[in-house]
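So the protein lines, in turn, are chains A and B.
If you're matching positions, the first sequence starts at 1 in my numbering and goes up one per residue.
If you're matching positions, the second sequence starts at 1001 in my numbering and goes up one per residue.
Derived by calculation from the structure, the hints in this document are not laboratory data.
In this text, all values refer to a predicted model and were calculated from it rather than measured experimentally.
Any given hint could turn out to be false.
Stated by the list, open to error - Below, computed lysine to any residue pairings styled on SDA-like, alpha-carbon distance capped at 25 angstroms:
| # | chain 1 | residue 1 | chain 2 | residue 2 |
| --- | --- | --- | --- | --- |
| 1 | B | Lys1125 | B | Leu1106 |
| 2 | B | Lys1182 | A | Lys67 |
| 3 | B | Lys1125 | B | Val1045 |
| 4 | A | Lys67 | B | Ala1211 |
| 5 | B | Lys1182 | A | Thr90 |
| 6 | A | Lys67 | B | Tyr1205 |
| 7 | A | Lys42 | A | Thr24 |
Listed below, chain by chain, are the residues.
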Amino acid sequence: MRLVLDIITVVLVSAGGFFFLAGTIGLLRFPDTLTRLHALTKVDNLGLGLVVFGLLPQVEGRLDALKLITIWLLVQMSGAIVSQLIAQATRRSGRQT
Amino acid sequence: MTLAFACEIVLAGLLLAIATWTITARTAFAAIAVFMVYGLLLSIVWVTLSSVDVALTEAAIGGGVTSMVLLGAASALRGSKGAVASLSLPFKITAGMLCALVAAALATVVFFLPDVAPTLAPVAKENLAASALGNPVAAVLFVFRALDTLLEKVVLLLALVGVWSLSSDRAWGGVPELRLYKSPSPILVFLAQILPPIGIIVGIYMFWAGASQPGGAFQGGTVLAAMWLLTMMARLQDVPSTNAPWLRLLLVVGPMAFLAAGLAGFYFADSFLAYPPSIAKPLIIVVEATLTVSIGVTLALLVAGPPEKVPQQ
Chain A
1 MRLVLDIITV VLVSAGGFFF LAGTIGLLRF PDTLTRLHAL TKVDNLGLGL VVFGLLPQVE
61 GRLDALKLIT IWLLVQMSGA IVSQLIAQAT RRSGRQT
Chain B
1001 MTLAFACEIV LAGLLLAIAT WTITARTAFA AIAVFMVYGL LLSIVWVTLS SVDVALTEAA
1061 IGGGVTSMVL LGAASALRGS KGAVASLSLP FKITAGMLCA LVAAALATVV FFLPDVAPTL
1121 APVAKENLAA SALGNPVAAV LFVFRALDTL LEKVVLLLAL VGVWSLSSDR AWGGVPELRL
1181 YKSPSPILVF LAQILPPIGI IVGIYMFWAG ASQPGGAFQG GTVLAAMWLL TMMARLQDVP
1241 STNAPWLRLL LVVGPMAFLA AGLAGFYFAD SFLAYPPSIA KPLIIVVEAT LTVSIGVTLA
1301 LLVAGPPEKV PQQ
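Based on the provided sequences and hints, a complete structural model is requested.
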C-alpha cells in the first residue's frame, strides 16, 4: 500500500514538474505578452495542482491535506486575477509585445 | 556533494543574479518588480536556514510592503516633470566605488568571523520556560530584548510622521489619495471582495500562533495591512483622513500598551519591562494584540503615502 502511494506521489509530482518546465519554456519562447501569460497561468495552475495532489498521499492528517488544497486554490485565484490585470494593462498601453 | 547543498548553491547563485538585475534594470518599475522577486527568494533562503520567523518577515516586509512603498515613490517621480536629474558620470563612479567599498568591508568582516560565533542562543533556550512562551523568537522579542522591540515600534511611528510631513501645508491632516489606483479594474474589486475574509483570518492566526510557533505581531499586522489596503485600492472603503482621532488612537495604542506594561514593571516586578510571572503570558498576548493593530494601521498608511486632499471639516 505504502509503495503504491509513493509511486503515485512520484508520478504526479514529476508530471507537475514537467508542466512547470513547459510553462517556463513557453514564458521564454512565446512571442507576445498575452500568449506568455497564457503559458504561465495555464501551466502553473496545472503544475501546482499535480504537485499538490501528488503530495496528498504523504501528509499526516486531514488538516494538512486541507491546507495544501487551500494553498493550491489561493494560488490559482491569485494567478487568474493577476493575469487578467496584466492583460488589461497590456491592452490599455497598446503594447502587445 | 549532497542534493541539499547543490540546491543551496543554486539558490545563492540565483539570489546574486537577481540582486545584480535590480541594480542594472533600465526602468524603476522593472527594478522594483525584480526587487519583489529578490525578497521572496531571500525568504526561501531564510527557510533553508530554519529561520521561519525571519522568512515570514522578509516576505511580508522586504518583498511586500517595501516594494509597495517603492512603487508609490516611482509613480510619484514619473508624474512630476524634471524632478529626476540625470546624474553625471563622475557622480555615478563615486557612488559605485563607495558601494563597492561598503560591500568589501562587509565581506571582510564576514570572512574574519570567529569559527564558533559568540551566541546567547543556549541561554535564551534555557530560560524559555520562564518567559511562558513557546517560540524562542517571541521570547527574545518580548521578554529578553523587549526594549529593542519597543523602540522598533516607535521608529515605525516616526517613519510614518516622516512620510506625512512630505505633504503640502494645506493637505496636512488630509486624506492620502492612492493616486496610482484611481480607477480600479473590476477584477481588482472582485479580489478585494473575496480575499479579505481569508486574509483577516490568516493575519489574526499569525499573531496568535506567534507565541508558540513562527509568526507574530509584525507578520500578522502586515497581512492585515495588506487586506485593508486592498479594499481601499478597490475603492470599497474610503481612505481615512489622517487627522481622524480614531486613526491616531489606533496608531499609538500598541506602543502605548507596550510602554504601559513596561512602566507597570517598575511597580509589580522589579524593573522596566519586567512582567510579573503569574500573568506574563496574558500580558504579552494583550500587548502583542494591540501592537498587531498598530503595526497594521501604520504599515497601511506608510504605503498610502502623504496626505494630498485637504481635510474635510
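Distance restraint between Lys1125 (chain B) and Leu1106 (chain B), which requires alpha-carbon spacing of 25 angstroms or less:
It is violated: about 29 angstroms lies between the C-alpha atoms, which goes past 25 angstroms.
For a C-alpha distance cap of 25 angstroms, please report whether Lys67 (chain A) and Ala1211 (chain B) respect it.
21 angstroms, holds
Has the given pair, Lys1182 (chain B) with Thr90 (chain A), been kept, meaning a C-alpha gap of at most 25 angstroms?
It holds: about 18 angstroms lies between the C-alpha atoms, which stays within 25 angstroms.
Verify the proposed pairing of Lys1182 (chain B) with Lys67 (chain A), using a straight-line Cα cut of 25 angstroms.
Outside the cut-off at roughly 35 angstroms; violated.
Hey, Lys42 (chain A) versus Thr24 (chain A), does the alpha-carbon distance stay inside 25 angstroms?
Holds. Lys42 (chain A) to Thr24 (chain A) sits at ~11 angstroms (cutoff 25 angstroms).
Given the hint that Lys67 (chain A) pairs with Tyr1205 (chain B), test it: the Cα-Cα distance must not exceed 25 angstroms.
14 angstroms, holds
Decide if the proposed pair is consistent with the structure: Lys1125 (chain B) and Val1045 (chain B), CA atoms, cutoff 25 angstroms inclusive.
23 angstroms, holds
Violation of the numbered hints given earlier is confined to hints 1, 2; the remaining hints are satisfied by the structure.
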